[in-house]
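Protein chains in written order, with my numbering: chain A, 608 to 1014; chain B, -19 to 223.
Hints in this document: simulated from the structure, not taken from any laboratory. Take the hints with a grain of salt, since some may be wrong.
[Claimed, not checked] Cross-link-like lysine to any residue pairs, in silico, SDA-like; alpha carbons within 20 Å at most:
#	chain 1	residue 1	chain 2	residue 2
1	A	998	B	220
2	B	76	B	66
3	A	848	A	938
4	A	672	A	827
5	B	72	B	52
6	B	105	B	188
7	A	998	B	144
8	A	910	B	142
9	B	118	A	909
10	A	840	A	806
11	A	771	A	726
12	B	178	A	850
13	B	56	A	853
14	B	141	A	913
15	A	935	B	-1
16	A	848	A	794
17	A	934	A	846
18	A	858	B	92
19	A	910	B	147
20	A	753	A	639
21	A	848	B	123
22	A	971	A	857
23	A	771	A	729
24	A	672	A	715
25	A	740	A	778
26	B	50	A	936
27	B	178	A	849
28	B	178	A	909
29	A	1004	B	197
30	A	989	A	863
31	B	178	A	847
32	A	753	A	667
33	B	50	A	854
34	A	910	B	177
35	B	141	A	906
36	B	141	A	909
37	B	178	A	851
38	B	159	B	109
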Amino acid sequence: MINLDFDKIPASLCVSCKGTKMLCGKSSCPILAKFYSSSKLKLDVNHIEGSSPPSVFVGSYGYPKVRIGPSLPPVSGNTEIYERPDLWVRMSIDSIAGMRLSMYRGYKLLSINEASSPGNYLSEVHDLILSSKPVDAEIIYAYGEKRIDLSPETQPFGPGGYLKKFEHEGSSSDSTLERFYYDGDISANDAVLNLYGNTSLYSIEKMLSAGMLGKQKGRRIVPTRWSITAVDKIVSDSLIKEIRYFPYLDKIEYFHFSNIGNDYYISIIPGPYSFEMMENWNNGSIWTGNRGNIIESDYEDFKRRELNPSIGGSFFAAKLPILDHMKKRNIQGQIIVSRFIGNDYTLPLGVWQVRENVRAAMNKAEGIENIDQYFSIINLRKGIDLRPFSKTYQIIKNQRRLTDYGV
Amino acid sequence: MKVDAKTIREFSNIIITLVPEARVDFKPEGLFSKVMDPAHVAMIALEINKEAFQEYVLDGEENLGMDIDKMRNVLKLSGPNDIIDIKFDGKKISFKLGNLNVSTPLIDPSSLTTPKIPTIELPNKIVTDISYLSTGIKAAEGIAEVVTFNIRAEELKIYSKGETDSETTELTIPKSMAKEFIYTSDARSSFALDYLSKFIRSLESSQEISISVGNDFPLRMEANILNGKGRVTFLLAPRIESI
Chain A
608 MINLDFDKIP ASLCVSCKGT KMLCGKSSCP ILAKFYSSSK LKLDVNHIEG
658 SSPPSVFVGS YGYPKVRIGP SLPPVSGNTE IYERPDLWVR MSIDSIAGMR
708 LSMYRGYKLL SINEASSPGN YLSEVHDLIL SSKPVDAEII YAYGEKRIDL
758 SPETQPFGPG GYLKKFEHEG SSSDSTLERF YYDGDISAND AVLNLYGNTS
808 LYSIEKMLSA GMLGKQKGRR IVPTRWSITA VDKIVSDSLI KEIRYFPYLD
858 KIEYFHFSNI GNDYYISIIP GPYSFEMMEN WNNGSIWTGN RGNIIESDYE
908 DFKRRELNPS IGGSFFAAKL PILDHMKKRN IQGQIIVSRF IGNDYTLPLG
958 VWQVRENVRA AMNKAEGIEN IDQYFSIINL RKGIDLRPFS KTYQIIKNQR
1008 RLTDYGV
Chain B
-19 MKVDAKTIRE FSNIIITLVP EARVDFKPEG LFSKVMDPAH VAMIALEINK
31 EAFQEYVLDG EENLGMDIDK MRNVLKLSGP NDIIDIKFDG KKISFKLGNL
81 NVSTPLIDPS SLTTPKIPTI ELPNKIVTDI SYLSTGIKAA EGIAEVVTFN
131 IRAEELKIYS KGETDSETTE LTIPKSMAKE FIYTSDARSS FALDYLSKFI
181 RSLESSQEIS ISVGNDFPLR MEANILNGKG RVTFLLAPRI ESI
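Isolated chain A (complex conformation) (with noise of 0.2 Å):
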């Protein structure tokens, strides 16, 4: 439980922060900075040995001259479980957060637009991502100092510092991605596509954040947190395209799962597509401290799409899992997913746990009655009326049907 010594800073603006826009006008976050302190992570090393699953960073800081370079935990062997999100749903928070703040960072600055012509260094990163299996690799560090970033899209890595010198075994490449690596006439957008489901969405935003993917002269860096976006929107776009013309689900249903301090309840409702995430985050949780709970909620349907949700990342993460469920089913339908937050999420670890829960959420539908019981399933269970928060809500109590004139 965060005891926050930063009252006046209202929770709201915290929320819509994240830990992302410094809206509080200090110049790092506070609410991290705190967990940082408390990792005990060590930072006074200049070298790091390991295997790296493979991994790669690239921040947003100083964009378009980015920090880029691998990372890897000094761990050797079969690491690969360390970039597999999708294989950490029964993980603990503790165990993730531990895993993954152990993934150290070497990096070299390079401006977005080298990826059009990689030199030496970029190449060897890419060489490195495209590895089948974790590679043996060292980081020697120029300096001490090492930079700690943190952004709620992205899972947590550990301490970074300019590198000196970067070192890695060669390794076999894996013949899917290579494919696209070194298709440089397919646009990014096509190179996505054709990834995706043939390989771990996880390689796909790291070829995409490394800028190896999309027509050559094209091809740029990619702040990691932005990348997974770009993944989930590019995957999500395309899918919605197919499934608006889906026969509507022939009756409503409801789905729950719960993990890591994240309680989900979701619903499709038979009707033209549309998506809603409402996210209600606890008084106690990580981004409000004691200062009261706060919802959020962001609405698209299919001419009026979402691109700026004040949710952030997790929308679009949240869709994607339920849109591949509709395609799989041959269905479409009107989409609520509402999220609770709770005191026992205590690191943002990244929007990964919104997709892979939701995911694990879709393989198990109950049939509900209507919409408003959807609504008191929530309210017995979590004490908030959410009607008035939902637009879907709203539609659907606007939307007559023909049994009210007597069918």
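With chain A fixed as given, assemble chain B onto it according to the hints.
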């Protein structure tokens, strides 16, 4: 029975706007189907006279549960003027196209509910060229999810509003352009556009359409299809705008 592919294609295109499976009643005078979408917002009643068929031989009356989605896959293999020979027994329906034979399983018709058509009295009716209506709907599709029908003594207006007040579409059909114009009182109702667009798009062979509008009340549209050898009725419940 024998029928050209484009007739059966139009039939399936209309039904599929609301449901992927439907109960179809084959009666001596022709084929009938009534379907309602799962959200109970829209309904279609469709009939095709036996004159639309090249050959229509029936032993009494048959109620079939048809998988319209699968049937459309079969139709994709045919050209518009190909003659399809349709046969059914209790379990399956077979389509013969030239020397190709495809059969798909039938669904138990009792598992498919047939809605009753509500008796809805509407005070105003306009019969017009379907192309006017579809232009108004297509324009609205670009910016909105909801479209409003507003009838007054001299005209029917079909309009929509986008995200801002400056983004609007409005189609006016004056009385003079209508084939028939029955006006009782001013009326306005709004509707979810998705249902309308899909329905209008599915009507390939209609020239004219009749539109009946009430005040915050269901919309009824009726049109002849297949050169008068068939008829479709569409009902759509309104969306009440809370403004």
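Verification of the hints:
1. About 14 Å separates the Cα atoms of residue 998 of chain A and residue 220 of chain B, which keeps this hinted pair within 20 Å; it holds.
2. For a cut-off of 20 Å, the pair hint linking residue 76 of chain B to residue 66 of chain B stands: about 6 Å separates their Cα positions.
3. The hinted pair formed by residue 848 of chain A and residue 938 of chain A meets the criterion: a straight-line CA distance of about 13 Å does not exceed 20 Å.
4. Taking the CA atoms of residue 672 of chain A and residue 827 of chain A, the gap is about 11 Å. The hint holds against a cut of 20 Å.
5. Distance hint between residue 72 of chain B and residue 52 of chain B is fulfilled; the C-alpha atoms sit about 15 Å from each other, no more than 20 Å.
6. For the proposed pair residue 105 of chain B and residue 188 of chain B, the alpha carbon gap of about 13 Å is at most 20 Å, so the pair holds.
7. A C-alpha spacing of about 18 Å is found between residue 998 of chain A and residue 144 of chain B, which places the hinted pair at or below 20 Å, so the restraint holds.
8. Only pairs whose Cα atoms come within 20 Å are accepted, and residue 910 of chain A paired with residue 142 of chain B is accepted, the gap being roughly 9 Å.
9. Annotation: proposed proximity of residue 118 of chain B to residue 909 of chain A holds, straight-line Cα distance about 15 Å (limit 20 Å).
10. For the proposed pair residue 840 of chain A and residue 806 of chain A, the alpha carbon gap of about 17 Å is at most 20 Å, so the pair holds.
11. For a cut-off of 20 Å, the pair hint linking residue 771 of chain A to residue 726 of chain A stands: about 16 Å separates their Cα positions.
12. Between residue 178 of chain B and residue 850 of chain A the alpha-carbon distance is near 14 Å, which keeps this suggested pair within the 20 Å criterion.
13. The suggested pairing of residue 56 of chain B with residue 853 of chain A holds, with an alpha-carbon distance near 17 Å, which does not exceed 20 Å.
14. The suggested pairing of residue 141 of chain B with residue 913 of chain A holds, with an alpha-carbon distance near 18 Å, which does not exceed 20 Å.
15. The hinted pair formed by residue 935 of chain A and residue -1 of chain B meets the criterion: a straight-line CA distance of about 18 Å does not exceed 20 Å.
16. Taken as a hint, the residue 848 of chain A and residue 794 of chain A pair is honoured in the structure, with Cα atoms around 18 Å apart against an allowance of 20 Å.
17. Among the hinted pairs, residue 934 of chain A with residue 846 of chain A is consistent with the structure: their alpha-carbon atoms are about 7 Å apart, no more than 20 Å.
18. The hinted pair formed by residue 858 of chain A and residue 92 of chain B meets the criterion: a straight-line CA distance of about 14 Å does not exceed 20 Å.
19. Between the alpha carbons of residue 910 of chain A and residue 147 of chain B the distance comes to roughly 13 Å, so the proposed pair stays at or under 20 Å and holds.
20. Between residue 753 of chain A and residue 639 of chain A, the direct Cα distance comes to roughly 16 Å. Compliance with the 20 Å bound is thereby established for this hinted pair.
21. A C-alpha spacing of about 16 Å is found between residue 848 of chain A and residue 123 of chain B, which places the hinted pair at or below 20 Å, so the restraint holds.
22. At roughly 16 Å between alpha-carbon atoms, residue 971 of chain A and residue 857 of chain A fall within 20 Å of each other, so this suggested pair holds.
23. At roughly 14 Å between alpha-carbon atoms, residue 771 of chain A and residue 729 of chain A fall within 20 Å of each other, so this suggested pair holds.
24. In summary, the hint linking residue 672 of chain A to residue 715 of chain A is supported, as the alpha carbons are separated by about 10 Å, within the 20 Å threshold.
25. Distance check on the hinted pair: residue 740 of chain A and residue 778 of chain A sit about 8 Å apart at the alpha-carbon level, within 20 Å; holds.
26. For the proposed pair residue 50 of chain B and residue 936 of chain A, the alpha carbon gap of about 15 Å is at most 20 Å, so the pair holds.
27. Simply put, residue 178 of chain B and residue 849 of chain A have alpha-carbon atoms about 15 Å apart, close enough for the 20 Å limit, and the pair holds.
28. Of the supplied pair hints, the one linking residue 178 of chain B and residue 909 of chain A holds, its CA atoms being roughly 14 Å apart against a limit of 20 Å.
29. Distance hint between residue 1004 of chain A and residue 197 of chain B is fulfilled; the C-alpha atoms sit about 15 Å from each other, no more than 20 Å.
30. The suggested pairing of residue 989 of chain A with residue 863 of chain A holds, with an alpha-carbon distance near 13 Å, which does not exceed 20 Å.
31. A hinted pair counts as satisfied when its Cα atoms are at most 20 Å apart, and residue 178 of chain B with residue 847 of chain A qualifies at roughly 16 Å.
32. Pair hint residue 753 of chain A plus residue 667 of chain A holds up; C-alpha atoms about 16 Å apart against a cutoff of 20 Å.
33. Distance check on the hinted pair: residue 50 of chain B and residue 854 of chain A sit about 13 Å apart at the alpha-carbon level, within 20 Å; holds.
34. Simply put, residue 910 of chain A and residue 177 of chain B have alpha-carbon atoms about 13 Å apart, close enough for the 20 Å limit, and the pair holds.
35. Proposed proximity of residue 141 of chain B and residue 906 of chain A is supported: the alpha carbons are some 18 Å apart, at most 20 Å.
36. Our distance criterion of 20 Å between C-alpha atoms is met by residue 141 of chain B and residue 909 of chain A, whose separation comes to about 15 Å.
37. As the CA atoms of residue 178 of chain B and residue 851 of chain A are separated by approximately 11 Å, the hinted pair is consistent with the 20 Å bound.
38. A distance of roughly 8 Å separates the Cα atoms of residue 159 of chain B and residue 109 of chain B; the hinted pair therefore holds under the 20 Å criterion.
When the structure is compared with the earlier hints, no violation turns up for any of them.
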